[in-house]
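**Student:** The residues making up each chain are set out below.
There are 2 protein chains.
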Amino acid sequence: MELKGLSFLGTRRGTNTGTAFQAANPRTGEALPPVYHATSEAELNEAVEQAADAFASYGQLGGKARAAFLRRIADSLDAHTQTLAERAHLETALPMPRLTGEVARTSGQLRLFASVVEEGSWVQARIDPALPERKPMPRVDLRSMLRPLGSVAVFGASNFPLAFSVAGGDTASALAAGCPVVVKAHPAHPGTSELVAEIITRAVAAEALHPGVFTMLFDAGITIGSALVKHPLIKAVAFTGSLKAGRALMDLAAARPSPIPCFTEMSSGNPVFVLPGALRKGPAELAKNLFGSFTLGAGQFCTKPGIVFAAESSESTAFFEELKALVGQSQPFSLLTAGIAREYSRATEARAAQIPLAAAVSADKADNFTAEPKLFTVSLDQLLDEPELADEIFGPEALLVSCKNTDDYLRAAKALDGHLTATLLGDEEDLKANEELIRVLEQKAGRLLVNGFPTGVEVTHAMVHGGPYPATSDPRFTSVGSLAIYRFARPVCFQNFPQSLLPPELQDGNPLGISRLTDGKPEGKPDIVTEL
Amino acid sequence: MELKGLSFLGTRRGTNTGTAFQAANPRTGEALPPVYHATSEAELNEAVEQAADAFASYGQLGGKARAAFLRRIADSLDAHTQTLAERAHLETALPMPRLTGEVARTSGQLRLFASVVEEGSWVQARIDPALPERKPMPRVDLRSMLRPLGSVAVFGASNFPLAFSVAGGDTASALAAGCPVVVKAHPAHPGTSELVAEIITRAVAAEALHPGVFTMLFDAGITIGSALVKHPLIKAVAFTGSLKAGRALMDLAAARPSPIPCFTEMSSGNPVFVLPGALRKGPAELAKNLFGSFTLGAGQFCTKPGIVFAAESSESTAFFEELKALVGQSQPFSLLTAGIAREYSRATEARAAQIPLAAAVSADKADNFTAEPKLFTVSLDQLLDEPELADEIFGPEALLVSCKNTDDYLRAAKALDGHLTATLLGDEEDLKANEELIRVLEQKAGRLLVNGFPTGVEVTHAMVHGGPYPATSDPRFTSVGSLAIYRFARPVCFQNFPQSLLPPELQDGNPLGISRLTDGKPEGKPDIVTEL
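Here the protein sequences line up with chains A and B, keeping their order.
No gaps in the numbering here: position 167 of the first sequence is 167 in our numbering, and each next residue is one more.
No gaps in the numbering here: position 186 of the second sequence is 186 in our numbering, and each next residue is one more.
Isolated chain A, as found in the complex:
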């Protein structure tokens, strides 16, 4: 696959007249060929109109056909693992094993959604049969199911160049739901994006789908992304990135003449509460695991545990000393982009002017892309006075919040903003003693963990990668796991429809064999006895 640097407009590639930009290798700073060209607004309109045209057929396509399409993309990603990982490695400086693993995660996500839509029950089919004898008025036949929203704008994320980019979780769930996707490629990895877009485009052709099912736009600035979110033919938005950019997209989506759902996954400190039992098991081990988690991927994970609450004790002092030693002995990391590295420097320097920098690598700053791990400390009282001290810093940094005792944790938890995750480290006795803390944390995060670290995000049916603002724009949804499909579908009720005009999901006899509710009860199950 040859890289051309041009947008994907459905029936054709874009022109090379837009503003030029190139990816940079974070290890060397060198510009990577080819030159990329920003999509023009006319080309954007063309792509979005192609997508809207495609919806007429793709939105009606059956689950099995959509599954075949998703699996074809997955198979082709797997077949190109080495090519994809090598280009992504050049563009992101993430290690090769991480990137080959990320290709597998990306194809795995596509196959998960393929299995969901092939099986078909996700549409939540509900049938309330007519009751012609009901008094005082007969009841008409009512049947509802989820249908796709329409064209979805997906923004590639910098930190997962494969799994949350062009063919990532947002695209997979939107395509699975029956929505054409218009991707705004992240300018930090345009080559990886182009390779993946080529794979998807070939799959569209091989499955004989409308070419507008998948399109992709380039821009190193914000013009095209903003225009995309404002376009009247776009019906939903999915984004993973910074709070600033995510909030800007939310505001654009909400200010449209016709507002649309906009799921943005943004900012999370992923608080960790260290309970006595965890320290008793070994402060050194705990420090090592925590350090591993907050520096994984150079600290560029949405779920990086950036805020650690620890109550004063001799064990917690040992834990803290160990953590400081690990940070002090660590190596600088290459971050994804010069912009992220610059922001990391700015934010950590600003924080160091306010609160103690407990540990940092004392390496010379090698280049524009490098970041040294850093550990800050603050007292809970100061943090409660100045909550912005816990604002997310993207990179290999953590904030240790010293509490007088574990009773302080409840006060700390109640003051938290929304997060993707909240973690409790302790033994069963600790957890029993902190049930109220758990109940409060439940209101603050989409995922609660016991004795684990949040950076491992399984892509399964029960996963929730969401949470109250500012973790996401809407706590009712997730961007990881099979529940992510529900961002892109809406219920439609068919009243008094003849069988032949009903979707198969709602026809008598249940031709697709899916799970359905009839009068609110699972079909084929006896009435549930609720009174004993």
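Accuracy of the hints is not assured; some may be wrong.
A few chain A residues that face chain B, going by a derived Cβ cut-off under 7 Å, partial list only [what the hints assert, rightly or not]: (1) A254; (2) E428; (3) L431; (4) S515.
Per label pair, the in silico range of CB-to-CB distance [to be verified]: (5) E133/B with T223/A: 43 to 53 Å; (6) D367/B with A245/A: 52 to 62 Å; (7) D381/B with A56/A: 22 to 32 Å; (8) P522/B with A433/A: 33 to 43 Å; (9) E41/A with D381/B: 52 to 62 Å.
For the record, the hints were derived by calculation from the structure and aren't laboratory data.
Cβ coordinates follow ideal geometry from the N, Cα and C atoms, glycine included.
Go by the hints and put chain B onto chain A.
**Tutor:** Same frame as chain A, now just chain B:
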């Protein structure tokens, strides 16, 4: 129950120091005692803080206890049917049979949600068990279910003083989900609101719930409603009313430092497409049923069929003449408020200046509350040029759109905004010939009807009372039917939790006996074979 005219603040009633207002009897124009007093901002804060306090316990209450609470409210509403309907009749001029029926619908809604949360499967429990042997990494135990959002602000609607007001569908679904409710009472029926609030407050006490589970605020202006939506302790909003007010609330919710879900049900023309078979069955009958639907409740239904597409033919001419005759012979209606009547006059006069007024009652305008039924006509071409001619007018009015032929319907449908409903009237042959029209309408409305009228809204499991903007703020939700509960809940994932700390919905052995998914498959069912 004695009317006091004071807010419900949880532990106490409000003071009588706020701006005074009274309800008016639309039939006579007379002010109805008692005097009501706007809630102060300090009292609003008190109510919202009570609600937030209540959430700690109410949000954790089991489904059976919540069901008992909802049923107690329902029983008490039924026991006070006559009192409620009489007061509502004075405040709204809606007929007594409609209002006694509306009490029954309101209690029925509460019982529907009681049955849903008592049964318990609505929480969508999902379990992905640990896979300790998985390579290269073990999988941790992941379990997720829906949990309530927190305190919900509910705005009473003018046109359903019971079923979409204080104990209406929004309150019922929010309380069912586990969310405390803060109602902003509609100022057009404060007495009905107070009676219902007293019933709910007594049920809160009888079930020994936290008094903040239900609070209610009064205000004849917009100050308290705006402050409520902006309050940081409010976690979601539900509203039914005008596009102008609904959009204002959406904008407030989106502009908060921490934006929240805001479901507003607003504006819908509920287009009706008349196909040849329906006319062949009898133009007179069709005209009579349509007239009955668009004047039901004086045309003050969200689902009023306000836009009727008819293709030129001799039968459609007969249908049109019949409709004109029905309108011309009809009686003026009392509208809900002087403001609605004023707006009806303004909007119909403005429309009459642009397009032909085909028929209207020629009665003298009796008073400030009266509205004459009106029928307008416009050609499809003119409507496509001036789409604002089809903007919703709240009241007994309809717009007949004349089309050259039924092929025009597709063009008409593609140009439609979002609506709550879209209706097709015709025989099976007509429907077969218009499958593409149906597919287009599916993108435009939350409910598609065949050979019925949209004003009958069943409260069932399959009902969808929603649709793309401007019908609602978010097409992924409904405000009527058991699906309405999903507006107020969010998924929470519990990772590696000990059994004793899991909610019963997620514990091994399924102690509540609910439907759950394990690894994406219904529990107790064999693996689904997807390849044949």
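**Student:** With chain B as the partner, please determine if A254/A meets the hint condition of a C-beta pair closer than 7 Å.
**Tutor:** holds, 4 Å
**Student:** Is the hint on S515/A kept, meaning its closest Cβ partner in chain B is under 7 Å away?
**Tutor:** holds, 6 Å
**Student:** Look at the Cβ atoms of E133/B and T223/A and judge whether their distance stays inside 43 to 53 Å.
**Tutor:** With a Cβ separation near 51 Å, E133/B and T223/A satisfy 43 to 53 Å, so the hint holds.
**Student:** For the hint on E428/A, does the least C-beta distance to chain B fall short of 7 Å?
**Tutor:** holds, 6 Å
**Student:** Can you verify the interface hint for L431/A: is its Cβ closer than 7 Å to any Cβ in chain B?
**Tutor:** Holds - the Cβ of L431/A comes within 7 Å of chain B, reaching about 6 Å at its closest.
**Student:** So does D381/B sit 22 to 32 Å from A56/A, Cβ to Cβ?
**Tutor:** holds, 24 Å
**Student:** Hint says 52 to 62 Å; check whether the CB-CB distance for D367/B and A245/A agrees.
**Tutor:** holds, 56 Å
**Student:** Just tell me: holds or violated, for the beta carbon distance of E41/A and D381/B against 52 to 62 Å?
**Tutor:** This hint is violated: roughly 30 Å between Cβ atoms.
**Student:** Against the range 33 to 43 Å, how does the distance between the Cβ atoms of P522/B and A433/A compare: consistent or not?
**Tutor:** holds, 37 Å
Hint 9 from the earlier list is the only one contradicted by this structure; the remaining hints agree with it.
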